[in-house]
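Chains as they are written, first to last, in our numbering: chain A, 7 to 122; chain B, 171 to 285.
Calculated from the structure, these hints are not laboratory results. Honestly, I wouldn't trust all of these hints.
Below 30 Å or equal to it, Euclidean Cα-Cα: the simulated DSSO-like pairs (lysine-lysine) are [claimed, not checked]:
(1) Lys225/B / Lys243/B
(2) Lys266/B / Lys248/B
(3) Lys243/B / Lys30/A
(4) Lys84/A / Lys272/B
(5) Lys74/A / Lys272/B
Partial list, computed: chain B residues near chain A (C-beta under 8 Å) [what the hints assert, rightly or not]:
(6) Phe238
(7) Met265
(8) Lys272
(9) Ile273
(10) Phe275
(11) Lys277
(12) Gly278
Label pairs and their in silico Cβ distance ranges [claimed, not checked]:
(13) Ala241/B / Gln23/A: 13 to 23 Å
(14) Glu50/A / Pro211/B: 15 to 25 Å
(15) Pro60/A / Glu187/B: 40 to 50 Å
(16) Ser33/A / Glu187/B: 32 to 42 Å
(17) Met181/B / Pro87/A: 24 to 34 Å
(18) Lys243/B / Ser64/A: 20 to 30 Å
(19) Lys225/B / Pro87/A: 16 to 26 Å
(20) Lys243/B / Thr26/A: 36 to 46 Å
(21) Phe234/B / Ser33/A: 20 to 30 Å
(22) Ser250/B / Leu122/A: 36 to 46 Å
(23) Ala241/B / Lys84/A: 42 to 52 Å
(24) Lys225/B / Arg47/A: 29 to 39 Å
(25) Lys74/A / Ser250/B: 40 to 50 Å
A virtual CB, placed ideally from N, CA and C, is assigned to each residue, including glycine.
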Amino acid sequence: DAGVIQSPRHEVTEMGQEVTLRCKPISGHDYLFWYRQTMMRGLELLIYFNNNVPIDDSGMPEDRFSAKMPNASFSTLKIQPSEPRDSAVYFCASSFMVQSGSYTQYFGPGTRLTVL
Amino acid sequence: AQTVTQSQPEMSVQEAETVTLSCTYDTSENNYYLFWYKQPPSRQMILVIRQEAYKQQNATENRFSVNFQKAAKSFSLKISDSQLGDTAMYFCAFMKHGRDDKIIFGKGTRLHILP
């Protein structure tokens, strides 16, 4: 399997513009997570889905952030309008339940977002 | 609420030496999972090792092993025969067993392997 795929790998945009980050989870995984990583705050969970349904979006910082998962193989994280403080690396991760009942999350390569 | 603490923000060791990274956690749960993730300069988050709390035996993956002390709520990572490619940020993480699949990450330890 190709692993979790994220696009774009790098995004530079100007304040006020809309940004859309994309993720393709590993085939067969039923959980999908969006994280944000900054030097100041470390790794933060923004939202996660189970079987395409959002389960917990309490980590989404503001209404400017929204995430969708229209099907099992695709998810988007949208920021509109973007602000300089949104600059970070955004990770997508997916997981599935193994026989023991546990889960292991596999991460994508991340999208480095810079908002000028 | 669960918390994960990594008390060593940064460490440096010589190549081929053994290094131990510390991690403690706080939880009232009895069934849970612990992880170590590695993030090299490429930014990719890579699973290094995983431990189920119900298993007494410490997990081992090649040069990587853990010392899991459930009563002390400690989960340290030992890297034997360290290599230059081990240079990375290492994150300790906790996840409780059950339908809530959120992982709680520590702040990370930056490890430098020196030639």
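Quick rundown of the hints versus the structure:
Of the pairs offered as hints, the one joining Lys225/B and Lys243/B holds, with about 14 Å between alpha carbons and a cut-off of 30 Å not exceeded. Under the criterion of a C-alpha separation no larger than 30 Å, the hint pairing Lys266/B with Lys248/B is consistent with the structure, at around 23 Å. In summary, the hint linking Lys243/B to Lys30/A is not supported, as the alpha carbons are separated by about 35 Å, beyond the 30 Å threshold. About 21 Å separates the Cα atoms of Lys84/A and Lys272/B, which keeps this hinted pair within 30 Å; it holds.
The hinted pair formed by Lys74/A and Lys272/B meets the criterion: a straight-line CA distance of about 18 Å does not exceed 30 Å. Proximity of Phe238/B to chain A is violated relative to the hint, the smallest CB-CB distance being about 15 Å (cut-off 8 Å). Because the smallest distance between the Cβ of Met265/B and any Cβ of chain A comes to about 7 Å, under 8 Å, the interface hint for this residue holds. Evaluation of the Lys272/B hint against chain A yields a held restraint, the C-beta minimum of about 6 Å falling below 8 Å.
Checking Ile273/B against chain A: minimum C-beta separation of about 6 Å stays under 8 Å; hint holds. Interface hint at Phe275/B: satisfied, since its Cβ lies 5 Å from the closest Cβ of chain A, which is below the 8 Å cut-off. Proximity of Lys277/B to chain A holds as hinted, the smallest CB-CB distance being about 5 Å (cut-off 8 Å). Evaluation of the Gly278/B hint against chain A yields a held restraint, the C-beta minimum of about 7 Å falling below 8 Å.
In this structure the supplied range 13 to 23 Å is violated for Ala241/B paired with Gln23/A, their Cβ-Cβ distance being about 52 Å. Between Glu50/A and Pro211/B, the C-beta spacing of about 21 Å keeps the proposed range 15 to 25 Å intact. At roughly 46 Å, the beta carbons of Pro60/A and Glu187/B sit within the given window of 40 to 50 Å. Taking 32 to 42 Å as the suggested C-beta distance range, the pair Ser33/A and Glu187/B conforms, at roughly 40 Å.
At roughly 41 Å, the beta-carbon separation of Met181/B and Pro87/A lies outside the given 24 to 34 Å, and the hint is violated. Lys243/B and Ser64/A have their C-beta atoms about 25 Å apart, which keeps the hinted 20 to 30 Å range intact. Taking 16 to 26 Å as the suggested C-beta distance range, the pair Lys225/B and Pro87/A does not conform, at roughly 48 Å. For Lys243/B paired with Thr26/A, a C-beta distance near 41 Å keeps the hint of 36 to 46 Å intact.
Checking the proposed 20 to 30 Å range against Phe234/B and Ser33/A shows it holds: the Cβ atoms sit about 28 Å from each other. Taking the beta carbon of each, Ser250/B and Leu122/A are about 45 Å apart, inside 36 to 46 Å as hinted. Taking 42 to 52 Å as the suggested C-beta distance range, the pair Ala241/B and Lys84/A conforms, at roughly 45 Å. Take Lys225/B and Arg47/A: their Cβ atoms lie about 32 Å apart, and the range 29 to 39 Å holds.
With their beta carbons about 44 Å apart, Lys74/A and Ser250/B fall inside the hinted range of 40 to 50 Å.
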